[in-house]
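S.K.: Sequence:
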Amino acid sequence: MSRMRVCAISVILCCVVLVFPWALRSDWIIWWILSVVILVIVGPLWSKIIKIYQDWRNNGELEVAIIDDSLAIKEFIPGEEKVVFENFDVKEKIEENLVVKEDSVMEVEAIPTVDKLIDLGFQEKQSGNFRLAADYFSRALDLNPEPDLAFYLIMDCYSILNDLGECELRLTKLRTHIHTFYYQFNSELRFHFDVWMNKEDLNKYFNE
Numbered sequence: 003m004s005r006m007r008v009c010a011i012s013v014i015l016c017c018v019v020l021v022f023p024w025a026l027r028s029d030w031i032i033w034w035i036l037s038v039v040i041l042v043i044v045g046p047l048w049s050k051i052i053k054i055y056q057d058w059r060n061n062g063e064l065e066v067a068i069i070d071d072s073l074a075i076k077e078f079i080p081g082e083e084k085v086v087f088e089n090f091d092v093k094e095k096i097e098e099n100l101v102v103k104e105d106s107v108m109e110v111e112a113i114p115t116v117d118k119l120i121d122l123g124f125q126e127k128q129s130g131n132f133r134l135a136a137d138y139f140s141r142a143l144d145l146n147p148e149p150d151l152a153f154y155l156i157m158d159c160y161s162i163l164n165d166l167g168e169c170e171l172r173l174t175k176l177r178t179h180i181h182t183f184y185y186q187f188n189s190e191l192r193f194h195f196d197v198w199m200n201k202e203d204l205n206k207y208f209n210e
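Positions 3 to 210 (this note's numbering) are the ones given, in order, by the sequence shown.
For the record, the hints were derived by calculation from the structure and aren't laboratory data. Where a beta carbon is used, it is the ideal one built from N, C-alpha and C, also for glycine. This list has only true hints and no planted wrong ones.
What follows is a list of derived Cβ distance ranges for each label pair: (1) L36 - N61: 32 to 38 Å; (2) N61 - P23: 44 to 50 Å; (3) P114 - Y154: 17 to 23 Å; (4) N205 - K118: 32 to 38 Å; (5) T182 - K118: 17 to 23 Å; (6) P149 - F124: 15 to 21 Å; (7) D196 - R133: 26 to 32 Å; (8) H181 - Q128: 29 to 35 Å; (9) H194 - L145: 19 to 25 Å; (10) D57 - P23: 40 to 46 Å; (11) K50 - C16: 21 to 27 Å; (12) I31 - N61: 39 to 45 Å; (13) I31 - N60: 38 to 44 Å.
Pairs of lysine-lysine, BS3-like flavour, derived with a Cα cap of 25 Å: (14) K201 - K175; (15) K127 - K201; (16) K175 - K127; (17) K118 - K175; (18) K175 - K206.
Based on the provided sequences and hints, a complete structural model is requested.
M.R.: This is how it looks when you write it as structure tokens:
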């Protein structure tokens with residue numbers, strides 16, 4: 003028991019004893035007895051009440067300290083650092099978009115169109131690279147061009163390979179294309195194609 007508590011109890015008891023004669027003369031004896039009973043009951047519990055109050059006060063101070071620390075941390079972050087992080091994120095997204103676009107461009111360039119292959123074929127033909135020109139024309143046929151384009155590509159490809167003396171190669175390359183496009187020709191193209199086939203004596207190879 004602390005010295006302060008002993009002193010407080012002594013003072014209260016003295017007051018109670020001194021008040022007793024006055025309460026007896028004033029018919030306040032009932033209230034005096036009631037106050038004594040309350041003091042007897044509250045006395046042992048007073049330390050617990052004080053402890054509960056101190057715990058509640060400490061918890062309140064702790065919550066205030068935590069809130070202050072959080073605000074201090076938020077204020078500690080400079081605006082420039084936020085701008086740097088935001089710029090970094092934007093730069094990273096831009097670089098990702100550029101990589102995707104570059105990949106898309108490479109894919110488009112890796113698969114040339116029919117017109118591009120025909121242009122490359124004529125360039126190689128004019129440069130004297132006939133075998134490469136025939137390869138470009140054959141690749142253009144693989145992309146299923148319009149029947150009128152296929153008509154001239156087949157004849158040009160055959161003519162180049164025939165001039166190179168590559169009989170087996172020209173037949174192997176053109177057999178599939180002729181079977182694919184022959185029934186796509188209109189009546190006029192089919193007539194001219196039949197005339198060309200007879201002229202080159204190709205019916206015996208492609209009518210099997």
